[in-house]
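Visitor: Kindly produce the complete structure, drawing on both the sequences and the hints.
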Amino acid sequence: MLWSALTLQLGYNATLVTIGATLLGIAAGVTGTFLYLRKRALVSDAISHATLPGVGLAFILMVLLGGDGRSLPGLLLGAAISSWIGLLCVNWLTRHTRLSEDAAIGAVLSVFFGFGIVLLTVIQSLGSGRAAGLEGFLLGATAGMLFNEALVIAVGGALTLVAVVILRRPMTLLAFDPEYAAARGINVARMDLAIMALALAVTVIGLKIVGLILIVAMLIIPPVSARFWTDRTDHMVLVSGLCGGVASWIGAAVSASAPALPTGPIIVLTSFALFVLSLLLAPRRGVLAAVIRHRRFQRRVHLRQGLLALAQGQPIYEAYTMRLLRRSGLAHADGVPTDIGKARAAKALRDETRWQLVRRDQAFESAAALYDGLRDIETVLTPDQIQEIDRRMGGPREVTP
Amino acid sequence: MSGEEFVPLSLTPLLIGILAAVACALPGNFLLLRRQALIGDAISHVVLPGIVVAFLLTGIVAAVPMMLGAAGAAVVAVLMIEAIRRLGNIEPGAAMGLTFTTLFAAGVLLLEQSDTSGVHLDVEHALYGNLESLIWLEASGWASVLDPVALSGLPPELGRVAVATLGVMAFLWIAWRPLVVSTFDEGFAQSLGMHTTGLGIAVVIVSALAAVAAFDAVGSIIVIAMFICPPAAARLMTNRLEVQIGWSVVFAVLSAVLGYVFAGYGPLWLGYDHAVSAAGMIATVSGVILALAAGFAPHRHRSGAPAL
Amino acid sequence: MNVELVANKGEVPAAPLPAHSPLAIRGMTVSYGQKPVVFSVDMTVVEGSMTAIIGPNGAGKSTLLKAALGIVTPLAGQAQVFGQPLKAARHRIAYVPQRASVDWDFPTRVIDVVLMGLSRELGLLGRIRGHHKEKALACLARVGMTDFADRQIGQLSGGQQQRVFLARALAQNADLYLLDEPFAGVDAATEKAIIEVLKGLKSEGKTVVSVHHDLTTVRSYFDRVFLINTRKMAEGSVTEAFTPETLNQTYGGRLATGQIDQLELAAG
Chain R
1 MLWSALTLQL GYNATLVTIG ATLLGIAAGV TGTFLYLRKR ALVSDAISHA
51 TLPGVGLAFI LMVLLGGDGR SLPGLLLGAA ISSWIGLLCV NWLTRHTRLS
101 EDAAIGAVLS VFFGFGIVLL TVIQSLGSGR AAGLEGFLLG ATAGMLFNEA
151 LVIAVGGALT LVAVVILRRP MTLLAFDPEY AAARGINVAR MDLAIMALAL
201 AVTVIGLKIV GLILIVAMLI IPPVSARFWT DRTDHMVLVS GLCGGVASWI
251 GAAVSASAPA LPTGPIIVLT SFALFVLSLL LAPRRGVLAA VIRHRRFQRR
301 VHLRQGLLAL AQGQPIYEAY TMRLLRRSGL AHADGVPTDI GKARAAKALR
351 DETRWQLVRR DQAFESAAAL YDGLRDIETV LTPDQIQEID RRMGGPREVT
401 P
Chain L
1 MSGEEFVPLS LTPLLIGILA AVACALPGNF LLLRRQALIG DAISHVVLPG
51 IVVAFLLTGI VAAVPMMLGA AGAAVVAVLM IEAIRRLGNI EPGAAMGLTF
101 TTLFAAGVLL LEQSDTSGVH LDVEHALYGN LESLIWLEAS GWASVLDPVA
151 LSGLPPELGR VAVATLGVMA FLWIAWRPLV VSTFDEGFAQ SLGMHTTGLG
201 IAVVIVSALA AVAAFDAVGS IIVIAMFICP PAAARLMTNR LEVQIGWSVV
251 FAVLSAVLGY VFAGYGPLWL GYDHAVSAAG MIATVSGVIL ALAAGFAPHR
301 HRSGAPAL
Chain S
1 MNVELVANKG EVPAAPLPAH SPLAIRGMTV SYGQKPVVFS VDMTVVEGSM
51 TAIIGPNGAG KSTLLKAALG IVTPLAGQAQ VFGQPLKAAR HRIAYVPQRA
101 SVDWDFPTRV IDVVLMGLSR ELGLLGRIRG HHKEKALACL ARVGMTDFAD
151 RQIGQLSGGQ QQRVFLARAL AQNADLYLLD EPFAGVDAAT EKAIIEVLKG
201 LKSEGKTVVS VHHDLTTVRS YFDRVFLINT RKMAEGSVTE AFTPETLNQT
251 YGGRLATGQI DQLELAAG
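Residue numbers (the UniProt record's numbering), protein chains in the order written: chain R, 1 to 401; chain L, 1 to 308; chain S, 1 to 268.
Check each hint, because a few of them may be wrong.
List of simulated lysine-lysine pairs, DSS-like, C-alpha gap at most 30 Å [claimed, not checked]:
1. S/K35 to R/K39
2. S/K35 to S/K87
3. S/K202 to S/K135
4. S/K192 to S/K202
5. S/K35 to R/K342
6. S/K35 to R/K347
7. S/K87 to S/K133
8. S/K135 to S/K192
9. S/K87 to S/K199
By construction, these hints were calculated from the structure, which means they are not laboratory data. This one's a predicted model, so the numbers in the text were calculated from it and none came from an experiment.
Guide: Shown next as structure tokens:
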């Protein structure tokens, strides 16, 4: 069952929904990357919650006009308009009052959502059973979806993806360096709005699949996962799109394969699993790699400081430093250096002295900038340069009393 | 409207609405000033998984385990946000969004998977509560306020949210000075030896407790709205923190009262016979108050440069 | 002893932690990520002195102060305050953070900020009484800000904000004053007012340590200097340690020779 769902053999509607969700997931992952890089990830939360009054008003309007009220394109249009208004409210509050963006986001999402709930209760009172489909927008509902609705989602997902692909270059430029982008003639404010519009499109089209509470996860989680794997914007966009696409595809397929497996939560949890893998295992930014690196680094610092202290005959105050020196066979338990310890200490001190000379000399400015107390001087200067420095340093001298 | 009708049907929901609004608005002031307004959003979303887990563990729908479950979920969420932020070097907004959507998704999935048929535990209820149902059937009029028999029939939510409100007030009373200093100038507070990290976590936990108690009565949206809207509107009214706190309480009470009244009677005035969601209306009123403050309040514009 | 071990000229072996130094730092290393910004630094502040911490941008000046105060956690190293661990002697320190480190839009008045300096005295629940207010006003008077007591802090200029921070430190009635760039971005009048206050503190026998940026004023403001560029480069009285040689060493090639000549001129 699951296999046939994953391979798109589970009926026409389920297949359409799966394809639509996957396309939408890719579009969301890519759009979300730009939101994330512009540090506006949670604006999407305001956008998604602000869809609800639009859905409600669209329904009421369609009923008043004598329609059924449940036409998906109509409801989505309403959602888009009201979330656009919500977005404008966030921008207005941030720009024209002293409130910060997070306060504006929270205010807009809760007030719009609250008003949306008021409208839902109004609709319930209009006539029994008519509002039944609307609760589906809260948490998403793909089961029993009509062919038309599935088609709207598939086409919408595809169109959003196309828009993202067309706009990816200016958006990348903007995310990487807004000032440079402006200098290149990109209208930053308009481009920011375009990113928001894409986020809004993803939100609105995804409403029926994942619901308005969880749709933000499709915009937020994949870019966060992608960030661990690469430092390059263009790669991040690809990885994020991939994460989003995979999560949505698995989510939609798994959900179609059995009852009581709602699409939205499965997509979100799959996405989260990808995040956890990235957080732990990514080669450079992952937690495991970082822990190992930090331990190593701390060891190096303590060892180096210990050696310098030994070389200068200073007492060592820290137990950890002492332990390290002892364990590496550089010092005896009483703090007296071993023979190897003496040699290593002398080398450390000589390097340190060389560094002092390097940092004093304008000719070595670029090398001097690399000084961090730990770096071996051989990795920065050529043997000839070191010889030159040693010459200036002079040979070993007696201690002047 | 007579006491005979008002006391049993409207007094308790109104009181619960007011207390819930105040309990959330008070810590909301500090969340706002600490640029953590959206913590309220995150907390309220994870309350659902909390009560679902509590229900699955105990098998009963009872207030105490569910409140514990919700509070536990809030703490888990906060720890998770901090862990993701620090371990992954992820900006706080994204860490929050990631955390609360994941926990919420887990809650919904657990709910769907478990057999909760016949149990009143549904998502919609969690989202917008049911303030209108918290009536006091034992009451027969204003005299009941002094009648021990009638008082024993008060909805338990009232007691819980009252305790939560008192708890929040006590916390702010005791921790006021370090809280203000560390919110304004963390480095200075640390130089005085204050545990600023601990204080930050305490604010979040107190907010979580307020959210859980309020949530129990009014659902999660009004919780977010109360965390943010009254303090935000209050900030625009004054440049003094003590006064801001005062205004936030006024706005919270005003939102609760007007929201409840509009929800219950507004439709009647317009000629409809069905009431609308009180929680939703309270959130809406708080939004209108914020909009008015943003347009006309005396201190709505920024004066100092924001921190770097 | 191996002769080479002490070949490093100019490095004096550090004394053990001196019991009565207002601030003694040993082996302090602080890193942000994988790059140490302060590496194995020793510092001994002399009681009753005015010490400038000097070094190029990013040399670890502020970080050293913050590590000494426990605001950032060092990777290695220790600090003692008046011969005691930091915890036991916190009440003897007043810290003036960088002005840019706080949100000046915070809803509070000038007088309230100064009263924060009395936090310790007031305790958790102590009420602010008349004599607390008088004390705070007296501190504001010392920095020439009495008239601004009831202003919202966001309405102040940069120099005025800095003076309020100094007044808050004065209210703490400490023995050691640690200031992080108190003269950054302030007007000439404020600079003069601040230095008067600091010199007043010194004449009362208090110790002042300040991160300082402007090399031209070092000689007239301070009596001791601490030069740092990740490592300690020099420490001592202005005449000993603030020389073209130590400056060259600290700033590498970044100071033009002309600039140093100018400093010599300023020194008279």
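Visitor: Starting from S/K135, check that the Cα of S/K192 is at most 30 Å away, please.
Guide: holds (23 Å)
Visitor: Next pair to validate is S/K87 with S/K199; report whether the Cα-Cα distance is within 30 Å.
Guide: holds (27 Å)
Visitor: Next pair to validate is S/K35 with S/K87; report whether the Cα-Cα distance is within 30 Å.
Guide: Holds. S/K35 to S/K87 sits at ~28 Å (cutoff 30 Å).
Visitor: For the pair supplied as a hint, S/K87 and S/K133, confirm whether the alpha-carbon distance does not exceed 30 Å.
Guide: Roughly 28 Å between the alpha carbons, so the hint for S/K87 and S/K133 holds.
Visitor: Holds or violated: are the alpha carbons of S/K192 and S/K202 at most 30 Å from each other?
Guide: holds (15 Å)
Visitor: S/K35 and R/K39 were given as a pair; does the straight-line alpha-carbon distance stay at or below 30 Å?
Guide: OK: S/K35 and R/K39 at ~26 Å, within 30 Å.
Visitor: Starting from S/K35, check that the Cα of R/K342 is at most 30 Å away, please.
Guide: holds (27 Å)
Visitor: Taken at face value, is the distance from the CA of R/K347 to the CA of S/K35 at most 30 Å?
Guide: holds (22 Å)
Visitor: Is the hinted pair S/K202 and S/K135 satisfied, with a Cα-Cα distance of at most 30 Å?
Guide: At roughly 20 Å apart (the allowed maximum being 30 Å), S/K135 and S/K202 satisfy the hint.
In summary, this structure violates none of the numbered hints.
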